[in-house]
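Chains as they are written, first to last, in the working numbering: chain A, 1 to 136; chain B, 1 to 74.
Derived by calculation from the structure, the hints in this document are not laboratory data. Careful: at least some of the hints might be erroneous.
Listed next, the in silico DSS-like pairs over lysine-lysine satisfying Cα-Cα at most 30 Å (straight line) [claimed, not checked]:
no.	chain 1	residue 1	chain 2	residue 2
1	A	K128	B	K42
2	B	K5	B	K42
3	A	K31	B	K42
Short, incomplete list of chain B residues facing chain A, as computed with Cβ under 8 Å [as the list claims (entries may be wrong)]:
no.	residue
4	Y26
5	P28
6	S32
7	T51
8	T52
9	A60
If you're wondering where the values come from, they're calculated on a predicted model, not measured in any experiment. Glycine included, every Cβ here is placed at the ideal spot set by N, Cα and C.
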Amino acid sequence: MSESPRPFRYLADPVCITSLILYTINRYVLKPHHIGGWFTHGYLNDVLCLPLFVPMILYFQHIIGLRKGFEYPHVWEILQNFAAFTVIFQAVIPRFPKTFISAGDPYDIIAYLVGGVIAGFYWHRRAKHDEIDSRI
Amino acid sequence: MFCRKCYAKLDPAEEFHRCPRCERGYDPTDRSTYLPRPFPGKLRIIWYVITTSIISLVAAYIIACFQLAGASGH
Chain A
1 MSESPRPFRY
11 LADPVCITSL
21 ILYTINRYVL
31 KPHHIGGWFT
41 HGYLNDVLCL
51 PLFVPMILYF
61 QHIIGLRKGF
71 EYPHVWEILQ
81 NFAAFTVIFQ
91 AVIPRFPKTF
101 ISAGDPYDII
111 AYLVGGVIAG
121 FYWHRRAKHD
131 EIDSRI
Chain B
1 MFCRKCYAKL
11 DPAEEFHRCP
21 RCERGYDPTD
31 RSTYLPRPFP
41 GKLRIIWYVI
51 TTSIISLVAA
61 YIIACFQLAG
71 ASGH
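Model the full structure from these sequences, guided by the hints.
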């Protein structure tokens with residue numbers, strides 16, 4: 001299998017960097033100044049969750065040798081992380097309200113999914129594009 | 001016949017029974033030392049799914065703890 005000329009770059013992936021920038025803007029500009037209303041206050045971080053953390057988690061798997069190569073995240077990897085975040089944030093954390101400040105909101109699940117679909121679509125497009133480039 | 005480690009094609013006709021890519025040894029008469037298809041075995045898939053799931057769950061928990069510290073602004 002030939003290596004892609006522009007493989008998935010994990011933490012340097014544009015999706016990850018863009019998500020980090022959006023998260024920082026949301027954290028330090030939008031939320032404190034109440035810009036954007038309910039979406040930025042309640043759901044933007046959840047939408048950014050998978051695009052931001054999937055590359056980080058896959059990078060960790062890569063450095064410990066579990067994930068070989070530089071392939072773009074597969075659908076099942078995005079779904080696996082979607083399931084993990086849903087279980088922890090919507091099933092485990094709400095059971096400990098005295099310890100954690102998060103309340104289980106079913107719409108968060110949709111927000112995770114939207115973020116995962118957008119990122120997954122981009123990664124899929126990039127992978128296809130790189131595959132075509134490598135054939136030329 | 002394929003290498004269990006790197007899935008490279010193996011040639012049992014060669015003198016030394018070693019993978020040409022990763023040099024892992026194999027025995028053509030022992031089916032447990034090679035793969036019939038260039039695809040991970042069941043146990044390896046199960047191990048991979050369990051390990052990566054644990055990593056994802058731990059990562060989500062660490063993020064939740066970060067949120068507990070009130071630093072994330074979630």
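To see whether the hints hold, each was checked on the structure:
1. A:K128 / B:K42: 28 Å, holds
2. B:K5 / B:K42: With Cα atoms ~14 Å apart, K5 of chain B and K42 of chain B stay inside 30 Å; holds.
3. A:K31 / B:K42: Violated, because 47 Å separates the two Cα atoms, which is more than 30 Å.
4. Y26: 20 Å, violated
5. P28: Cβ of P28 of chain B sits 25 Å from chain A, so the hint is violated.
6. S32: At 22 Å from the nearest chain A Cβ, S32 of chain B fails the 8 Å test, so the hint is violated.
7. T51: For T51 of chain B, the interface hint holds, since the closest Cβ of chain A sits about 6 Å away, which is under 8 Å.
8. T52: 6 Å, holds
9. A60: Holds, because the Cβ-Cβ distance from A60 of chain B to chain A comes to roughly 4 Å (cut-off 8 Å).
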